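**Q** Listed below, chain by chain, are the residues.
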Amino acid sequence: MRIVVPVKYVPDIQSDRAFEDCRLVRDPSEGTLNELDEHAVEAALSIIESLDDDARAASDVVVVTMAGPDADAAVRKTYQMGVDRGVRISDEGLEGSDYAGTARTLAAAVRRLGDETPVDLVITGMAALDGLGSVVPVYLAAELGLPQLTNASELDVDTAARTARVTRDLGHVHEVLEAPLPAVVSVSDHANQPRYPNFKLIMAARKKPVEEWSLADLDVAAETVGESGARTRTSRAEPRPPRPEAEIVVDKGEGGTALADFLIRNELV
Amino acid sequence: MTNRTVLVLLDTPATALRSPALEILTLARSLGRVEAVVTESPSVQTLAQLGSHGVELVRQAELPSTLGESAHLSTTVAQVLAAAVRAADADAVLLTSNFVTKEIAARVAHDLDAGLVVDAATLVEGPDGRLVAGKRVLAGSWDTECEITTDVSVVTVRSNAVVPATVDQPVETTVEGFAVDVAAGAVTVVERTVEEIDDAGRPELAEAGSVVVGGRGTDGDFGPVEEFASSIGAAVGATRDVVFEGWFDQFVGQTGVTVTPRLYVGAGVSGAPHHRGGMQASQVVVAVNNDPECPLFEIADFAVVGDLADVLPQAAAAIRAHKES
Ligand SMILES: Cc1cc2nc3c(=O)[nH]c(=O)nc-3n(C[C@H](O)[C@H](O)[C@H](O)COP(=O)(O)OP(=O)(O)OC[C@H]3O[C@@H](n4cnc5c(N)ncnc54)[C@H](O)[C@@H]3O)c2cc1C
Ligand SMILES: Nc1ncnc2c1ncn2[C@@H]1O[C@H](COP(=O)(O)O)[C@@H](O)[C@H]1O
Chain A
1 MRIVVPVKYV
11 PDIQSDRAFE
21 DCRLVRDPSE
31 GTLNELDEHA
41 VEAALSIIES
51 LDDDARAASD
61 VVVVTMAGPD
71 ADAAVRKTYQ
81 MGVDRGVRIS
91 DEGLEGSDYA
101 GTARTLAAAV
111 RRLGDETPVD
121 LVITGMAALD
131 GLGSVVPVYL
141 AAELGLPQLT
151 NASELDVDTA
161 ARTARVTRDL
171 GHVHEVLEAP
181 LPAVVSVSDH
191 ANQPRYPNFK
201 LIMAARKKPV
211 EEWSLADLDV
221 AAETVGESGA
231 RTRTSRAEPR
241 PPRPEAEIVV
251 DKGEGGTALA
261 DFLIRNELV
Chain B
1 MTNRTVLVLL
11 DTPATALRSP
21 ALEILTLARS
31 LGRVEAVVTE
41 SPSVQTLAQL
51 GSHGVELVRQ
61 AELPSTLGES
71 AHLSTTVAQV
81 LAAAVRAADA
91 DAVLLTSNFV
101 TKEIAARVAH
111 DLDAGLVVDA
121 ATLVEGPDGR
131 LVAGKRVLAG
141 SWDTECEITT
151 DVSVVTVRSN
161 AVVPATVDQP
171 VETTVEGFAV
181 DVAAGAVTVV
191 ERTVEEIDDA
201 GRPELAEAGS
211 VVVGGRGTDG
221 DFGPVEEFAS
231 SIGAAVGATR
241 DVVFEGWFDQ
251 FVGQTGVTVT
261 PRLYVGAGVS
271 GAPHHRGGMQ
281 ASQVVVAVNN
291 DPECPLFEIA
301 DFAVVGDLAD
311 VLPQAAAAIR
321 AHKES
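Quick note, the sequences are listed as chains A and B, same order. Count the first sequence with the working numbering and you get residues 1 to 269, in order. Count the second sequence with the working numbering and you get residues 1 to 325, in order.
Watch out, some of these pointers could steer you wrong.
To be verified - Taking lysine to aspartate or glutamate and the EDC-like style, the derived pairs with C-alpha atoms no more than 20 Å apart in a straight line are:
id, chain 1, residue 1, chain 2, residue 2
1, A, Lys200, A, Glu42
2, A, Lys252, B, Glu293
3, B, Lys323, B, Glu227
4, A, Lys252, B, Asp291
5, A, Lys208, A, Asp72
6, A, Lys200, A, Asp84
7, A, Lys207, A, Asp60
8, A, Lys252, B, Asp307
9, A, Lys208, A, Asp60
10, A, Lys207, A, Asp70
11, A, Lys207, A, Asp72
12, B, Lys323, A, Glu267
13, A, Lys208, A, Asp84
14, A, Lys200, A, Asp72
15, B, Lys323, A, Asp261
16, A, Lys207, A, Asp84
17, B, Lys323, A, Glu254
18, A, Lys252, B, Asp310
19, A, Lys208, A, Asp70
20, A, Lys200, A, Asp60
21, A, Lys200, A, Glu49
Said to hold, decoys possible - Restraint ranges, calculated between C-beta atoms of paired labels, are given here:
id, chain 1, residue 1, chain 2, residue 2, range
22, A, Glu247, B, Gly220, 26 to 32 Å
23, B, Ala165, A, Ser46, 47 to 53 Å
24, A, Val173, B, Gly220, 26 to 32 Å
25, B, Asp113, A, Val250, 53 to 59 Å
26, B, Asp291, A, Glu254, 16 to 22 Å
27, A, Ala221, B, Asp151, 16 to 22 Å
28, A, Glu95, B, Gly246, 43 to 49 Å
29, A, Thr163, B, Ala14, 31 to 37 Å
Said to hold, decoys possible - A few chain A residues that face chain B, going by a derived Cβ cut-off under 8 Å, partial list only:
id, residue
30, Met126
31, Glu178
32, Gly256
33, Leu263
Worth flagging that the hints you see were computed from the coordinates, not collected in a lab. The structure displayed is predicted, hence computed values, not measured ones. The beta-carbon is built from N, C-alpha and C at its ideal position, and this holds for glycine as well.
Turn these sequences into a full structure, and let the hints guide you.
**A** Shown next as structure tokens:
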């Protein structure tokens, strides 16, 4: 079976993130694989590992990322976990893409990979930690015309029956959903514990190439992606003024009273 | 006011509308004529609420009964909304903001080729008549504005961004059915349970005006957190670590619930970036921590360096005494 995992290269959440000309600054020294996508990679690898030897030998996990060349660092990180193949889609014509454009491009890449070998599952993370949209998986399922099983806290794939079953707990609703393969699944950070890279794979990942595709390699109309295809445009981006320093009280027996006074004084109770 | 038609999806019409829905009705009214969309019969209470928010028309989807539980799938609700947009010739669709509504919004935006903004805090008409959504991003450190360039706009609005307000002259609200032909899709609902919201108890975490979060510093004892939360009428939440420990069931943060209350109190919470991403837009931030170097202090307005097991009960007692006086 073939599983495609779209992964995103994002600025490290611990770094000082910023905008320039209304676009998120992607400083290569501060970039990383979106942590939540590690759960998607883990889910894909463990499904393949559950197969018998023959099926396993005929299976692969392919990650796809839409980004500039710096994103190879994110792809390499997935190689260290055991991913077989990585594709980076880079093209000037993709700059300024919104969710729809991103999903359209990723869908075209999935179709191309499917032309080689049928794709059984597309597994994404629940959100990219830069924009926190949680919507690309939905667009992707719609673009591919596949069932969507999103925000899974548990994922079970029955490779014999060719079905995927997910459990999701969203607010006050608990759901178990099932769909035939192929399907698009997004997994939450509850779905599994991503493995640590293994030493042998770390060494191998250094030399393992990342395939590069451009728009010309994909069946997607150029005017429907990038800035020209975008339906939203960031028109302003401003840093928030720094917060004034906190009023700090050291508890010497009166800390709780001081807290109560603060709340009462500011009409917060 | 323009001649825009704005559709608002109501998620709990069968009971009563909760604050986030009233907030988006209020926001929608500033943009044009508002119509509500529902997939189940609105209660008498909901109709009264709609009337006092100036909504004259509710479009109720009539779905094939064969759909069963699939009627609740995001893809189904998205088809309902898309049909309502066409029927009403609407210009904008507003939804509350949570994982489910974001899914519905994305699907409807896809199907209508409409621009989408999720988690907006503001929505206004820009200089050229297009809608411009404002939101706070990167863990609350930047404010951005996003212009929607399509004829139809789809926007999810985070809670507590707007103060709900009724109209001076309540109107008569009528419900109009419209048939939506939704075919059962490939997804089967194997199981679905909805937990009733108990309004007599604590406010809902995602919509509360005050939130108290207990972190690992509670060491599993949520007694002081609960007691303090009760004294100020706040909702209770936790950090992800606490939920993974099994000490509490709901956590605040980038992968949990996003909260934007007037008051956030974090007790025994270090203030990791993942946690901050889900609370940093709170108006007033208070931290209680025995480590004076804890990162949450960096974004706090008021902080107590101390043991939460001492500080919280004392504060709760002082607040109760104040309320009784
Ligand atoms: C992909 C990913 C997503 C994540 N998403 C989230 C998320 O959405 N939400 C979230 O919360 N976390 C999330 N996390 C986890 C996050 O990074 C932190 O690990 C977590 O928030 C820390 O929880 P904590 O503050 O309770 O614990 P700690 O960091 O251990 O902090 C405990 C604090 O309690 C203080 N303390 C100890 N004893 C006392 C006492 N008696 N009185 C007062 N203070 C005391 C300590 O000084 C310390 O500051 C995520 C992590 C990852 C990798
Ligand atoms: N540019 C991208 N390239 C590859 N995958 C992406 C990209 N953007 C989003 N994704 C995938 O979609 C998921 C959700 O992203 P988002 O909807 O942006 O929060 C991520 O966890 C990734 O799996």
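**Q** Taking the hints in turn, state whether each one holds.
**A** Here is how each hint holds up against the structure:
A C-alpha spacing of about 17 Å is found between A:Lys200 and A:Glu42, which places the hinted pair at or below 20 Å, so the restraint holds. At roughly 17 Å between alpha-carbon atoms, A:Lys252 and B:Glu293 fall within 20 Å of each other, so this suggested pair holds. With a C-alpha separation of about 15 Å, the suggested pair B:Lys323 and B:Glu227 falls inside the 20 Å cut-off, and the hint holds. This hinted pair checks out: A:Lys252 and B:Asp291 have alpha carbons roughly 14 Å apart, not beyond 20 Å.
For the hint pairing A:Lys208 with A:Asp72, the CA-to-CA distance comes to about 11 Å; that is within 20 Å, so the pair holds. For the given pair, A:Lys200 sits about 14 Å from A:Asp84 by alpha-carbon distance, which is consistent with the 20 Å threshold. This hinted pair checks out: A:Lys207 and A:Asp60 have alpha carbons roughly 19 Å apart, not beyond 20 Å. With a C-alpha separation of about 10 Å, the suggested pair A:Lys252 and B:Asp307 falls inside the 20 Å cut-off, and the hint holds.
Using a Cα cut-off of 20 Å, the hinted pair A:Lys208 and A:Asp60 holds, with the two alpha carbons roughly 15 Å apart. For the hint linking A:Lys207 to A:Asp70, the alpha-carbon distance of about 16 Å falls within 20 Å, and the restraint holds. Note on A:Lys207 and A:Asp72: the hinted pairing holds, with a Cα-Cα distance of about 12 Å set against a maximum of 20 Å. At roughly 12 Å between alpha-carbon atoms, B:Lys323 and A:Glu267 fall within 20 Å of each other, so this suggested pair holds.
A C-alpha spacing of about 9 Å is found between A:Lys208 and A:Asp84, which places the hinted pair at or below 20 Å, so the restraint holds. For the hint pairing A:Lys200 with A:Asp72, the CA-to-CA distance comes to about 19 Å; that is within 20 Å, so the pair holds. Note on B:Lys323 and A:Asp261: the hinted pairing holds, with a Cα-Cα distance of about 12 Å set against a maximum of 20 Å. Between A:Lys207 and A:Asp84 the CA atoms are separated by roughly 13 Å; this keeps the pair inside 20 Å, and the hint holds.
Under the criterion of a C-alpha separation no larger than 20 Å, the hint pairing B:Lys323 with A:Glu254 is consistent with the structure, at around 19 Å. Distance restraint check for A:Lys252 and B:Asp310: the Cα-Cα separation of roughly 10 Å lies within the 20 Å cut-off, and the hinted pair is therefore satisfied. For the suggested pair A:Lys208 and A:Asp70, the alpha carbons sit about 15 Å apart, so the restraint of at most 20 Å is met. This hinted pair checks out: A:Lys200 and A:Asp60 have alpha carbons roughly 19 Å apart, not beyond 20 Å.
For the suggested pair A:Lys200 and A:Glu49, the alpha carbons sit about 18 Å apart, so the restraint of at most 20 Å is met. Between A:Glu247 and B:Gly220 the Cβ separation comes to about 30 Å, which falls inside the hinted range of 26 to 32 Å. Range check, B:Ala165 to A:Ser46: Cβ separation about 51 Å, and the 47 to 53 Å hint holds. Range check, A:Val173 to B:Gly220: Cβ separation about 27 Å, and the 26 to 32 Å hint holds.
For B:Asp113 paired with A:Val250, a C-beta distance near 58 Å keeps the hint of 53 to 59 Å intact. Between B:Asp291 and A:Glu254 the Cβ separation comes to about 19 Å, which falls inside the hinted range of 16 to 22 Å. Distance hint check for A:Ala221 and B:Asp151: the Cβ-Cβ separation is about 20 Å, which falls inside the suggested range of 16 to 22 Å. A hinted range of 43 to 49 Å for the beta carbons of A:Glu95 and B:Gly246 is consistent with their spacing of about 45 Å.
Between A:Thr163 and B:Ala14 the CB atoms are about 32 Å apart, so this pair conforms to the stated range of 31 to 37 Å. Because the smallest distance between the Cβ of A:Met126 and any Cβ of chain B comes to about 7 Å, under 8 Å, the interface hint for this residue holds. Given the 8 Å rule on beta carbons, the hint for A:Glu178 holds: about 5 Å separates it from the nearest Cβ of chain B. Taking 8 Å as the C-beta cut-off, the interface hint given for A:Gly256 holds, the closest approach to chain B being about 2 Å.
For A:Leu263, the interface hint holds, since its Cβ comes within 8 Å of a Cβ in chain B; the closest pair sits about 7 Å apart.
This entry satisfies every hint, going by the numbered hints stated previously.
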